[in-house]
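All chains, full assembly: derive it from the sequences and hints.
Protein sequences appear in the order of chains X, R and D.
For the record, in the first sequence the residue sitting at position 223 is 223 according to my numbering, with numbers rising by one throughout.
For the record, in the second sequence the residue sitting at position 45 is 45 according to my numbering, with numbers rising by one throughout.
For the record, in the third sequence the residue sitting at position 171 is 171 according to my numbering, with numbers rising by one throughout.
In case anyone wonders, no lab produced these hints; they're calculated from the structure.
Values in this document were obtained by computation on a predicted structure and should not be read as measured data.
Be careful, since some hints might not be right.
The calculated lysine-lysine pairs, modelled on DSS-like cross-linking and capped at a C-alpha distance of 30 angstroms, are [as the list claims (entries may be wrong)]:
id : chain 1 : residue 1 : chain 2 : residue 2
1  : R       : 17        : D       : 172
2  : R       : 180       : D       : 172
3  : X       : 200       : X       : 220
4  : D       : 33        : R       : 102
5  : D       : 249       : X       : 249
Chain D residues, not near chain R, derived (Cβ > 12 angstroms throughout) [stated by the list, open to error]:
id : residue
6  : 34
7  : 109
8  : 137
9  : 149
10 : 182
11 : 186
12 : 188
13 : 203
14 : 226
15 : 292
16 : 296
17 : 300
So the derived list for chain R, only partly shown, Cβ under 8 angstroms to chain D, looks like this [what the hints assert, rightly or not]:
id : residue
18 : 18
19 : 52
20 : 78
21 : 101
22 : 106
Cβ atoms here follow ideal geometry from the backbone N, Cα and C, with glycine treated the same way.
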Amino acid sequence: MKRTVYRPRRLGIMLLFGFVLLLSACGSNAEEPNAEGSKVRIYVVTTIAQIAEPLSVIGGDRVKVESLMGPGVDPHLYNATQGDIKTLESADLVFYNGLHLEGKMTEIFANISKTKPVLAVGETIPKEKLLQDEEGAIDPHVWFDIDNWKHALEAAVSALKEYSPEDSDYFEENKKKYFAELDLLKKEAIDKMSRIPKEKRVLVTAHDAFGYFGRMFNMKVVGLQGLSTEDEIGISDIESTIELLLEYKIPAIFVESSINPNSIRAVIEGASSRGLDVKQGGELFSDAMGEAGTVEGTYIGMYRHNVETIYHALTGEGE
Amino acid sequence: MDVLKVDNLTASYRKNKVLADVSFRVQPGSLTGIVGPNGAGKSTLLKVMLDLHPRLSGTVSFFGSTLKKMKRRVGYVPQRGSVDWDFPTNALDVVMMGFYGKIGWLKWPTRIHREKAMDALSKMGMAEYADRQISQLSGGQQQRVFLARALVQEADLYFMDEPLAGVDAATERSIMTILKELKLMGKTVMVVHHDLQTVEDYFDHVLLLNRTVIGYGKTEEVFTKENVARAYGGALRWMRGETS
Amino acid sequence: MIAFLSINAQWVLFSTMILGMASGMIGTLAYWKRQSLMSDALSHAALPGVVIAFAILGVKNLSLMIGGAVISALLGALLIQWIRSSSRVKEDTAMGMILSVFFGLGIMLLTIVNRTAGGNQSGLDAFIFGQAASMIRTDLYMMLFLAFLVILVVFIGFKEWKLYLFDPEFAKGLGLSTRWMDNLYLGVLVLVIVIGIQAVGVILMSALLIIPAVSARYWTHSFKWMIMLSAFFGGASGMFGTLISTLGKGWPTGPFIVVSSSALFIISLLFGAQKGLLIKAVQFQMQKKELTQSWSANAVLKEGE
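Below, the structure is given as structure tokens:
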């Protein structure tokens, strides 16, 4: 008689346990490298797609490139899972941005570099070309300076050549072609941005990701948060941003694909209450790129999208 | 008419069957002591009758009808320990709670209520403690406040759970005086009681309970050595004057 | 001084002030139900619901996410009840269990969702730590509605709440449906929690539900005054926290509100008129003094004989 009373309860607890275990098992999903194709491909793992996508173009069919952080992911806050660590360990080469962008992964990189080639491509850029903020912290969003990024990619390609000398020429050729496209992109962008009237060249976004962008195109750049999205936004941040908008009568402010738009909304409402109609200029790609397979999922496509969006919003010209 | 009719009441408390087939009938104007050993189900009996604890089977009728319809005529004094006496309120406020059933939502107690509450407190000798914080009252005083609250309910049938437990002699006298007055007024009172020595002095009826009814009826008839022994399992010396 | 604040600061100030008031009031009820930890548990339990609602729908929709939070929190409350009634586990242990398990589940789901596109955009992280500084006019209206609801519920049933919290058995005896009161209390609590956490986050919400009520305890022996004081302390925490956070560059609002309410608690602990440590010490000294004075008076009398 007593037994039957206990059983449903035990069953319930066991089901709960089982459910939890099942969920945790679903968490890890490392892909098997070299699962298809007869040619043994070099398996490259990067953190952000801004490194991965160009490398997949340059590496062609000799490499298989994967990035840990997909579209919409914030690298400042990213915590690697066990699955990610497995992926990193199964890679032939690992590339990351460095300069504290992947703030929570420094220890992991230190560990992995003991067993395989690991390169912080952002840190290969000469120091004079890097930007610093008021407190002396280095701005890690280096991919927005096309020249800087060429430098970083160059370093990655060298590592690839070193790893697989027989593919050296193949890589070099692809790299030259790709860099040519980058040069074209740079020219286009400078052209377009210089058509924005000088007074309107102020870029206000959710966090300080566009320092290099601003430097390339002679724009003043203001982020609501600092260099990292780890800090909670304070009222003074919102207020000073509104002051800036009012001072320059800036028509548009931008949200970012990887950041919660609440703070931007607060700035827009605040400015509106003080008489300035600021539009949400559109979504920019800052720390992450677009969906894989789309135009915005490529470095060049992403960059173009940003340029177009900013141009249209600040000049007020229709889409 | 029976004031209270209980038939085949069965209930369990934490997987132990603590009441088994309890049946008895109570006449109006009786003052009944409910006694039995610890764990006999005395408190549970009260709670089950008042629908404060679930029952496995059985029926209870109040004044020939259901509890729901007769709620106004039934008063309940819970055990003193069932309440947090640290709660921020004073004695008068607690007594006023006896009126809440009649006042209803959104209305406030009136001056008349306040006067009646003060009367009840005076009756219990607690008038000067009316605005005293209840955490500052002694056990006996707290019990008297509970009694005063029961009085303002102006019920016809009262259930009290160990009102004399842990109180001083003066309080005990005061409470028993009130109970006897209630009986004289024709009210019916049932009291869970713990002290066998005083059963004969205090109660004209007794319900001997040890999971089931050992006996119910007039004290002089039911409260016998044999019955008590049956209820308490035999190993008990309780009779006054008995020395063996 | 308020006039010198920018409009954004005003929105934040009034919103947190009003939220603080509402939390203080419902927090007092939770305190006397001996369920202060419940507020904390439910705040944390709401998280998985928010994440799942977002994951299922794929878009950020605030009302649906709040709906998810409500379901999740209520589920947590139900499980706490179930654990308590069907096992020997005590209430605060049950609450602790649900708090950790649900919150852990929420974080796990959050990690998964954050790896998909648009995950961060949903603002799910904000549910944990809150973004008090980003509150706008509509937030203010929502808080006003909430406070109005809480005040209504507390006011209409004021004596019923008193009775229900003090002596639920007697209340049931009178015919007050304690089940109804349980549900009403839980419903209002969950609503306050859920509306609060989307603005100020789980951690701050727990603080506002617990600290003002506990602080008020030290000042009064009256239930009515405790509710009002608690509302006052909650509102004051919101106000001071916001004001202080406007002073420095980049100072976050949420943490300063918690610090303010803690400061009020310490003041209450030390100086509270009824139970403060200082008052007790002073009273004790005075009693000692009276005693020695009466002794020496007696001694004088004796000598005189």
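Against the structure, the hints come out as follows:
1. 17(R) x 172(D): Satisfied, since the Cα-Cα distance of roughly 24 angstroms is no more than 30 angstroms.
2. 180(R) x 172(D): Given that 30 angstroms is the threshold and the Cα spacing comes to 27 angstroms, the pair holds.
3. 200(X) x 220(X): Roughly 9 angstroms separates the two Cα atoms, so the pair holds.
4. 33(D) x 102(R): Distance of about 25 angstroms is within 30 angstroms: holds.
5. 249(D) x 249(X): Given pair residue 249(D), residue 249(X) holds - Cα atoms ~23 angstroms apart, limit 30 angstroms.
6. 34: violated, 8 angstroms
7. 109: Non-interface label on residue 109(D) holds, nearest chain R Cβ at 37 angstroms vs cutoff 12 angstroms.
8. 137: Correct as stated: the minimum Cβ-Cβ distance to chain R is 33 angstroms, above 12 angstroms.
9. 149: holds, 16 angstroms
10. 182: Holds, since 14 angstroms exceeds 12 angstroms.
11. 186: holds, 19 angstroms
12. 188: holds, 16 angstroms
13. 203: holds, 29 angstroms
14. 226: Non-interface label fails for residue 226(D): nearest chain R Cβ at 6 angstroms, not farther than 12 angstroms.
15. 292: holds, 24 angstroms
16. 296: holds, 29 angstroms
17. 300: holds, 32 angstroms
18. 18: At about 17 angstroms, which exceeds the 8 angstroms cut-off, the nearest Cβ of chain D leaves the hint on residue 18(R) violated.
19. 52: Result: holds, 5 angstroms to nearest chain D Cβ.
20. 78: holds, 4 angstroms
21. 101: holds, 4 angstroms
22. 106: With a closest approach of 6 angstroms, the residue 106(R) hint holds.
Of the hints listed earlier, those the structure fails to meet are numbers 6, 14 and 18, in rising order.
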